[in-house]
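Asker: Single-letter residue listing:
2 protein chains.
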Amino acid sequence: MARLPVYLRALTTLSEQGTATCSSEHLAAAAGVNSAKLRKDLSYLGSYGTRGVGYDVDYLRYQIAREIGVTQDWPVVIVGIGNLGHALANYSGFRSRGFRVVALLDADPRRHEEVVAGVDVRPFDDLEQIVRDHSVAIGVIATPALAAQDVADRMVGCGITSILNFAPTVLSVPEGVDVRKVDLSIELQILAYHEQRKTHGATT
Amino acid sequence: MARLPVYLRALTTLSEQGTATCSSEHLAAAAGVNSAKLRKDLSYLGSYGTRGVGYDVDYLRYQIAREIGVTQDWPVVIVGIGNLGHALANYSGFRSRGFRVVALLDADPRRHEEVVAGVDVRPFDDLEQIVRDHSVAIGVIATPALAAQDVADRMVGCGITSILNFAPTVLSVPEGVDVRKVDLSIELQILAYHEQRKTHGATT
DNA sequence: CTCGGTTTGTTCTCGCGTTCACAAACTCCT
DNA sequence: AGGAGTTTGTGAACGCGAGAACAAACCGAG
Numbered sequence: 735m736a737r738l739p740v741y742l743r744a745l746t747t748l749s750e751q752g753t754a755t756c757s758s759e760h761l762a763a764a765a766g767v768n769s770a771k772l773r774k775d776l777s778y779l780g781s782y783g784t785r786g787v788g789y790d791v792d793y794l795r796y797q798i799a800r801e802i803g804v805t806q807d808w809p810v811v812i813v814g815i816g817n818l819g820h821a822l823a824n825y826s827g828f829r830s831r832g833f834r835v836v837a838l839l840d841a842d843p844r845r846h847e848e849v850v851a852g853v854d855v856r857p858f859d860d861l862e863q864i865v866r867d868h869s870v871a872i873g874v875i876a877t878p879a880l881a882a883q884d885v886a887d888r889m890v891g892c893g894i895t896s897i898l899n900f901a902p903t904v905l906s907v908p909e910g911v912d913v914r915k916v917d918l919s920i921e922l923q924i925l926a927y928h929e930q931r932k933t934h935g936a937t938t
Numbered sequence: 735m736a737r738l739p740v741y742l743r744a745l746t747t748l749s750e751q752g753t754a755t756c757s758s759e760h761l762a763a764a765a766g767v768n769s770a771k772l773r774k775d776l777s778y779l780g781s782y783g784t785r786g787v788g789y790d791v792d793y794l795r796y797q798i799a800r801e802i803g804v805t806q807d808w809p810v811v812i813v814g815i816g817n818l819g820h821a822l823a824n825y826s827g828f829r830s831r832g833f834r835v836v837a838l839l840d841a842d843p844r845r846h847e848e849v850v851a852g853v854d855v856r857p858f859d860d861l862e863q864i865v866r867d868h869s870v871a872i873g874v875i876a877t878p879a880l881a882a883q884d885v886a887d888r889m890v891g892c893g894i895t896s897i898l899n900f901a902p903t904v905l906s907v908p909e910g911v912d913v914r915k916v917d918l919s920i921e922l923q924i925l926a927y928h929e930q931r932k933t934h935g936a937t938t
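Protein sequences, first through last, are from chains A and B. When the letters of the first sequence are read in order and numbered with the working numbering, they come out as residues 735 to 938. When the letters of the second sequence are read in order and numbered with the working numbering, they come out as residues 735 to 938.
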């Protein structure tokens, strides 16, 4: 489920606040979902709660982390070190959740001298070797739209099976490869759409 | 609908390629959706196609742009000029779609000397004045999680009704205020989840 | 003018996710 | 020990979006 990471984050916050135990209602409020939905999601993983009491925060947190897979280390490569690539490489939320950026790749030779977030930028052609050496399964595409499909093809070609795509393009990949896409401008456009309906009045 | 921006982007690409007319099947392939779903979405806006022919690319593009609201100019403020804030301020996809970054705000005084993407960074306390002067309706939060709720409250307080939140927190806002959230690490965690199930084998 | 080919707009059905509601189970107090 | 109160886990109904299928409409050729 796509909500497990949200629960995990809420549990981490609760744990840091010193809460040892919490009810489904409490956790649901912290995660911003319905309590029934939360209980059903959790029951899908197994019975980790105690009736009349609630859930043990740390225990449940570990169980969800294990289910998601963030107890292990995930090596990640980032391709495209523009503004967004920089931001992603420096994003602390990755490392703290088990994702380790093992390489930054860019096709532009002028960037190969840079060192970003303690990792130096390497030529895109090193992809195959890096993926092999570190057993990378997850790739991040932060290139312009035109290069994205080529990068995806190369990634798939050397065994990457999960891609996070920030380029504004629809990637076509073979079956068995997961692609998640994040398009920043689309999010703003959705907001603008609702905003327009709010102020301008619905013409129905 | 949340798919309209995707259609708009696909239509723009088609238009740049010189395509004057396209069928729902063709456009659906470019947008990565089912053709029946596409037709249903478009019919929701009105009958802009011609049976037996298809859709006029530029005409449909304008109609969708108008429906979303990107034909007008949307002033936007960005709060929090860390790595992500920098990337957002420099992101060309915003300006090209009618979003104009009118101000960059940060609570840290050391950043107030910087100029990012041609806009200089100003103190967070200038928020009210900027929002009033430019009639800002959309705010972007790129601060750490702890500051996000306070920033959101201030934004709501001075009349902002749409918020794009990059901080890993659930924001609570009054009715009538739209919040969309983008959490980069959650996307990676979802990929890791599927990745784990792929390689490790489903224990069902 | 008529007919065949093509494509849109729409209706209908199906399946999934969400939500309500309730029984089972646990704790605490008396 | 027993009962009241609380909270989980789950069964059932509801609603909604997705996909397939079909009728209406348009173009072009003869």
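Wrong hints could be hidden among the right ones.
The list treats identical chains as one, so a pair stands whether inside a single copy or across any two.
Claimed, not checked - With a straight-line cut-off of 20 Å between C-alpha atoms, the simulated SDA-like cross-links for lysine to any residue are:
#1 LYS771 - VAL904
#2 LYS932 - GLN806
#3 LYS771 - VAL850
#4 LYS932 - PRO908
#5 LYS915 - ARG888
#6 LYS915 - PRO843
#7 LYS915 - SER869
#8 LYS771 - THR755
#9 LYS915 - ALA770
#10 LYS932 - VAL767
#11 LYS771 - GLY752
#12 LYS932 - GLY786
#13 LYS774 - ARG914
If you're looking for bench data, these hints aren't it; they were derived computationally from the structure. Computed from a predicted model, the values in this text were never measured in an experiment.
Asker: Determine for every hint whether it applies to the structure shown.
Answerer: Each hint, compared with the structure:
1. LYS771 - VAL904: Intra 31 Å, inter 17 Å, cutoff 20 Å: inter-copy only.
2. LYS932 - GLN806: between (45 Å within a copy, 15 Å between copies)
3. LYS771 - VAL850: Neither: 41 Å inside a copy, 43 Å across copies.
4. LYS932 - PRO908: between (41 Å within a copy, 15 Å between copies)
5. LYS915 - ARG888: within (18 Å within a copy, 31 Å between copies)
6. LYS915 - PRO843: The answer is neither: 27 Å in one copy and 35 Å across copies each exceed 20 Å.
7. LYS915 - SER869: neither (23 Å within a copy, 31 Å between copies)
8. LYS771 - THR755: Close inside one copy (19 Å), not across copies (45 Å); limit 20 Å.
9. LYS915 - ALA770: So LYS915 and ALA770 fail the 20 Å test inside a copy (29 Å) and across (22 Å) alike.
10. LYS932 - VAL767: Neither: 25 Å inside a chain and 28 Å across chains, both beyond 20 Å.
11. LYS771 - GLY752: Neither, since 25 Å and 48 Å both go past 20 Å.
12. LYS932 - GLY786: The answer is neither: 44 Å in one copy and 37 Å across copies each exceed 20 Å.
13. LYS774 - ARG914: Neither. Shortest intra-copy (25 Å) and inter-copy (24 Å) distances fail the 20 Å Cα cut-off.
Checked against the numbered hints given earlier, this structure breaks hints 3, 6, 7, 9, 10, 11, 12, 13; the rest are met.
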